[in-house]
Amino acid sequence: MRFEKYFVPETRQECFALLEQYGDKAKVLAGGTDVIQLLKSGALKPEAVIDIRKVEGISETKITDQGLALGAMVRLRELSLNEALATDYPVIMEAAGHVSSMQIRSMATIGGNVCNASPSADAVQGLILMNATAVIESAGGNREIPIAQFFTGPGKTVLKKGELLVGFTIPKPSARTGAFYEKFSIRGDTDITIVGAGASVTLAEDGTVSGAVVSLASVAPTPLRMDAVEKMLVGKKLTPELIDQAAQAASKSVAPITDQRASAGYRVEMVYVWTKSALTKALERAIA
Amino acid sequence: MSNRIDVALTINGRLHNLNVRPDLTLAETLRDELNLTGTKIGCDDSNCGVCTVLLDGMAVKSCAMLVGQADGREITTIEGLETGDGLHPLQQAFIDYFAVQCGFCTPGMILTAKAILDENPKATEEDIREGLHGNLCRCTGYVQIVEAIESVRDGKYGEARA
Ligand SMILES: Cc1cc2nc3c(=O)[nH]c(=O)nc-3n(C[C@H](O)[C@H](O)[C@H](O)COP(=O)(O)OP(=O)(O)OC[C@H]3O[C@@H](n4cnc5c(N)ncnc54)[C@H](O)[C@@H]3O)c2cc1C
Ligand code: FES
Ligand code: FES
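From first to last, the protein sequence lines are chains A and B.
Sequential numbering of the first sequence, starting at 152, is according to the working numbering.
Sequential numbering of the second sequence, starting at 420, is according to the working numbering.
Hints may be right or wrong, so weigh each one.
Within a straight-line C-alpha distance of at most 20 angstroms, the following computed SDA-like cross-link-like pairs (lysine to any residue) qualify [unchecked claim]:
1) A:191 to B:423
2) A:156 to B:425
3) A:191 to B:422
4) A:178 to B:490
5) A:178 to B:423
6) A:196 to B:464
7) A:178 to B:424
8) A:156 to B:462
9) A:205 to B:541
10) A:205 to B:477
11) A:156 to B:438
12) A:191 to B:462
13) A:312 to A:336
14) A:323 to A:282
15) A:205 to B:475
16) A:432 to A:282
17) B:541 to A:232
18) A:156 to B:490
Take a look, some chain B residues computed to stay more than 12 angstroms from chain A by CB distance [to be verified]:
19) 422
20) 436
21) 456
22) 535
Don't read these hints as lab results, they were simulated from the structure.
Fair warning: this is a prediction, and the values are worked out from it, not measured in the lab.
Note that CB positions come from ideal geometry on N, CA and C, so glycine has one too.
For reference, chain A alone in the conformation it holds in the complex:
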């Protein structure tokens, strides 16, 4: 590992000035769990590392009547253990809790999980299921983007030169909402997700679905939100038959790759199995 300069900016202005000054020669470091491996392997050779842990106002978790505001630097372990989130945002806690081991979660941040842009990222799935919006800031101002549109490819995001992801806003879920994320891997949470499937359903008073999110991990170049499958559910009663049809539709519409963890065909099958399971469990939670 070799780099020349290490900065720990404390104000956003300082941070933006460094991002501006070093451009492609700088690498942002949050928890470092992804970045440091890439620095060690030589895949990244920046001149400067910008450690953002002290940047003002990006490490807080705020719960209001409108919803949840999460700073990009909130550590995954803090998130997974924050009981104040258990009533309205349990899937955010659970998805963060599926990231590797206690040691990794103590360092890793929610912003890092998102900006690393791995299709297998687990904490990202909680944000997608809860309709999070990413808040991006730069010297020039700020912009917001729905989380599912943040990813442009493996390791690639919409972030432009000089921009920092500062956090997320998540609307408070309506009554009768339930969400669940399933991580499927060989060695439990320390292992990379082979297939992840999540579902969130909101029921109207008459019990029909008024809103749904279906999302998948590790089956495409980016985390995937399944708009077409969601449309199949809205306005209908979520019967076991409909859940089965939705899971089949999800399975038919993915084109995953074969890698050392699983074959494409196996992943396609598993999308059916785990989407069905996630929808069933989300429904149970919506009713409870």
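We have chain A; now place chain B with the ligands onto it with these hints.
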């Protein structure tokens, strides 16, 4: 040549002011700059857990952390557990329960165990196993390790379980 940085690390209660290259990991700093070789380096890619230390009381993997990230913080390494009264209860329990074979994973195991029990003195077997998820042992099969930790939880080594 990298620009050096100043870092203040409180390690096992003692403040160390260091002027080091920024591209060192905390594990390298502990071992190579401070000669605290109780902290091991195994995989060096944050999987095996032998480099675990406590950072402000939390278990972290010191191979997956830059020295600058530890600036201003308190670190406990395996060398910091023994007191004037002798071994820490977890250290004694690991010996008594034969939770050690080659011993390479042991410092990381013990510090992770300390983090588990400090946070939850009533940790169940399942909690303990979940907490140890990021620590690999290629010798013991984990059974004795979990038993040793449970014995400390159950007060077999006195109240001072942490
Ligand atoms: C052993 C091991 C096991 C793992 N297992 C899992 C797992 O099971 N599931 C999973 O999802 N992940 C896993 N990971 C990946 C990793 O821990 C997560 O992606 C983590 O959330 C990254 O967060 P971080 O704060 O450490 O990011 P960093 O490593 O600091 O940064 C990651 C990337 O995001 C950029 N970045 C970070 N924050 C910002 C910001 N605010 N603005 C702009 N850019 C930013 C960095 O420049 C870098 O490109 C694992 C990693 C290891 C080492
Ligand atoms: S050496 Fe750090 S986890 Fe293996
Ligand atoms: S005792 Fe040998 S690796 Fe654990």
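Hint by hint, which ones does this structure get wrong, listed from lowest number up?
8, 9, 13, 19, 22
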